[in-house]
Amino acid sequence: MNLLRSEWLKLWTTRTTWVMLGIALLGEGLFAGLYVGLAPLGEIGEIDQVATGTGLLLVMLLVLGVLIATTEFRHGTASSTFLVSPRRYPVLLGKLAAALLVGLLAGAVYVAVNAGLALPLFSGRGGELPATGDLIDVYLGVVVSYALICAFGLGVGAIVRNQVGAIIAAIAFFFVLSPLPELLPGSVGDYFPAQAIGSLHGSSEGDGSLNQIGGGLVFGAWAAGLCALGTLLICRRDLGE
Amino acid sequence: MPELEVRGLTKRYGGTVAVDDLSFAVEAGKVTGFLGPNGAGKTTTMRALLGLLRPSSGEALVEGRPPAEMADPLRTIGAALEATAFHPGRNGRNHLRTLAVAAGIPGPRVEEVLEMVELTGAADRRVKGYSLGMRQRLALAAALLGEPRILILDEPANGLDPQGMRWLRDLLRAQAGEGRTVLVSSHLLSEVSQTADELVMIRGGRLVAQTSLAEFTAGGGAQVRVRAADLAGMAAALEESGAGVTRDGGEALLVGGLGADQIGELALRRGIALHELAPQRQSLEERFIELMGDEEGAP
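Respectively, the protein sequence lines represent chains A and B. Taken in order, the first sequence gives residues 5 to 245; the numbers are from the working numbering. Taken in order, the second sequence gives residues 7 to 305; the numbers are from the working numbering.
No wet-lab data here; the hints were simulated from the structure. From the three backbone atoms N, C-alpha and C, an ideal C-beta is built for every residue, glycine too. Be careful, since some hints might not be right.
Stated by the list, open to error - A few chain A residues that face chain B, going by a derived Cβ cut-off under 8 Å, partial list only:
{"id": "1", "residue": "Leu7"}
{"id": "2", "residue": "Lys14"}
{"id": "3", "residue": "His79"}
{"id": "4", "residue": "Ser83"}
{"id": "5", "residue": "Phe86"}
{"id": "6", "residue": "Ser89"}
{"id": "7", "residue": "Asp242"}
{"id": "8", "residue": "Gly244"}
Sequences are here, hints too, so could you generate the full structure?
Okay, here's the thing in structure tokens:
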């Protein structure tokens, strides 16, 4: 618990977190205000596309997760951190909890922006709002996906450790490599991160075989696996030159 | 039981050996200077004692146990490893707070250590703008947070001005005076010769000497300067007794291999009046250079 509080403090005592999340939320606000508010109604599409937003926060939280793991190695503060907890894995658990929390927090703010701005604009222009229950499902999927993708980034960061390398690896893996198996016949692709997130969002584009909960479980398993591997490596590796 | 101990510690990185079968122990209540040229393996040894790297063979023990088994790490051992290991965008106070919170140390202690290292005024500035000396002091503040029984400081004097050096000396003496264990590394003997009680000297990853500062100052190759009424007779008598005798200018002898006591007794037996009988303390620096070779003094 102390380690979680420490990680939380680390997150908010540098400008990076504020700037990254600020930019992403601003982007979502602009999406709601300009796109949903002004684009021809026919182009905006289904309500679940309106409700899941631009995906900007998804990218930012992926990178933020990587940073939670790698910044300490980049600046050498990992030595002090692991001196407080020489067994190391509790530190990684603290980081995981902080990553999940910041994802949930960003998700909550996002839902407030989206429900407060995009939905009224959409319905005000004659767009058809779905049943409240369906809407809540979409929002829950989005919030959970934010938390999980931050953990996913943390796992990649813990494995790679080099900051720039880990950011590239995380983005390339999630956005470039993991959608590729969709091209394969059958439902193999549904079990890779990109498509699993699509299922978790309950997106109508996702023609996959997984439902929302299935998508969440599959993506959660990816995040958990990466975090477990990263933790194992960090517990074994030497720190310092 | 020694507070800190390494036994047969060996650390290899690929083909190079950083620390080679090193053994020594560090006692409480003393300042122990850990000396050696750059690249001698000091930092590697300290990191092994802190559990930050695992030995290739041998062991590093803190209060008799591997560092990973410390019950309350920050209250057991405090370390300042490098003055650059801060997030440049975080301010000094928040750096200390992240550590204090993780270890369950109450907030007021952060203000106390900031006061101790005289950084209270700069605590709200981001570390990016700190001088090297300020970073050293922030690293020290982090080491002192948990009021640890053991302090491990790697080259803490780097970047300190003369007042800072004196302040550091006083701090280390006070910590040892309270019964704490202090291990402080340096590549310059002059930095620790006024502070340390004990010296551990390594070179090329191997132990060169472990000795008290007093022994180190007095020991090895020490000579006695002798002046006598009958200098030639005294020289002959000394040579008969197997001592090494060299002339120090025209009127004195430098005698090796015999102590002042023995020389005085010899003179009495031969009935030669002594005018001077002075043990020569070889300068620390000379002995250190003798042991370390000419790498010493490289910045």
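Unsatisfied constraints (hint numbers, rising): Of the numbered hints, all hold.
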